[in-house]
Amino acid sequence: MKRRSTSARKARTEARKVASPRSRHHLIADVTPEEKQAILKYCETHNLSVSRFLAQVALDDASAKKKSAEHEPLTITIKLPASQRAKLSYMARLKEKSIEQLVQEFLAPSLAKTPRGPASRYTLSTESLRFYLSDQEHALILKHMEKEQVSSRHYLAQLALQVIEERGSRRRPK
Numbered sequence: 070m071k072r073r074s075t076s077a078r079k080a081r082t083e084a085r086k087v088a089s090p091r092s093r094h095h096l097i098a099d100v101t102p103e104e105k106q107a108i109l110k111y112c113e114t115h116n117l118s119v120s121r122f123l124a125q126v127a128l129d130d131a132s133a134k135k136k137s138a139e140h141e142p143l144t145i146t147i148k149l150p151a152s153q154r155a156k157l158s159y160m161a162r163l164k165e166k167s168i169e170q171l172v173q174e175f176l177a178p179s180l181a182k183t184p185r186g187p188a189s190r191y192t193l194s195t196e197s198l199r200f201y202l203s204d205q206e207h208a209l210i211l212k213h214m215e216k217e218q219v220s221s222r223h224y225l226a227q228l229a230l231q232v233i234e235e236r237g238s239r240r241r242p243k
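Residue numbers for the sequence shown follow my numbering, beginning at 70 and rising by one.
These are computed hints drawn from the structure, not numbers from a lab.
A virtual CB, placed ideally from N, CA and C, is assigned to each residue, including glycine.
It cannot be assumed that every hint is accurate.
Beta-carbon label-pair distances, calculated as ranges [unchecked claim]: (1) Gln173 to Pro102: 32 to 40 Å; (2) Ser194 to His94: 44 to 52 Å; (3) Leu109 to Tyr159: 16 to 24 Å; (4) Ser194 to Glu217: 20 to 28 Å; (5) Leu157 to Glu234: 31 to 39 Å; (6) Ala151 to Phe175: 16 to 24 Å; (7) Ser194 to Leu149: 28 to 36 Å; (8) Ser152 to Glu215: 44 to 52 Å; (9) Pro178 to Glu235: 26 to 34 Å; (10) Leu128 to Ser152: 44 to 52 Å; (11) Glu113 to Val172: 37 to 45 Å; (12) Ser158 to Gln205: 47 to 55 Å; (13) Pro178 to Leu149: 19 to 27 Å.
Model the full structure from these sequences, guided by the hints.
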């Protein structure tokens, strides 16, 4: 009788978990190969399955009490030649606005056009990570994604990377 490898046993265990009635639904997070490696490393370090980690990140975000319509400042540094900076200052002056207000005015229509994400306009090479959810978890996350008007594929990948970065930066150097 042949001994089965640990990877084959893990695959069967994962298949059983997926087939359980608790985890009937799934969502997908699209990540770049580098992001996937970061997620895999984090999950291995913290002894978590990728599915459980992504599901927990999504559930934490969906159940977090966020203040609606709160504006979070974003600071951007743009390097322009002196002539273009002068033109930008002149345009802002003509509209009686600051440069920040003018740039925000320029960006707002582009962001409003794509409420659910840029879809296939960009060609970022990604891989899919699937995570499994119960009926209630799935409904909660879908409702939250609809309210936020974001694609779960991209938004949840960003959330996972943000959590990894936050938790990694909290660690004290040895």
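Hint-by-hint comparison with the structure:
1. In this structure the hint that Gln173 and Pro102 lie 32 to 40 Å apart at CB holds, the actual value being about 34 Å.
2. At roughly 27 Å, the beta carbons of Ser194 and His94 sit outside the given window of 44 to 52 Å.
3. The given range of 16 to 24 Å is broken by Leu109 and Tyr159, whose C-beta atoms sit roughly 51 Å from each other.
4. Range check, Ser194 to Glu217: Cβ separation about 25 Å, and the 20 to 28 Å hint holds.
5. Checked against the hint of 31 to 39 Å, the C-beta distance between Leu157 and Glu234 comes to roughly 32 Å, which is consistent with it.
6. Checked against the hint of 16 to 24 Å, the pair Ala151 and Phe175 passes, with Cβ atoms roughly 20 Å apart.
7. At about 31 Å, the CB distance of Ser194 to Leu149 agrees with the hint of 28 to 36 Å.
8. Checked against the given bound of 44 to 52 Å, the beta carbons of Ser152 and Glu215, roughly 45 Å apart, stay inside it.
9. The supplied range of 26 to 34 Å is met by Pro178 and Glu235, whose beta-carbon atoms lie about 32 Å from each other.
10. Distance hint check for Leu128 and Ser152: the Cβ-Cβ separation is about 51 Å, which falls inside the suggested range of 44 to 52 Å.
11. For Glu113 paired with Val172, a C-beta distance near 42 Å keeps the hint of 37 to 45 Å intact.
12. At about 54 Å, the beta-carbon gap between Ser158 and Gln205 stays in the expected band of 47 to 55 Å.
13. Distance hint check for Pro178 and Leu149: the Cβ-Cβ separation is about 21 Å, which falls inside the suggested range of 19 to 27 Å.
The earlier numbered hints that this structure contradicts are 2, 3.
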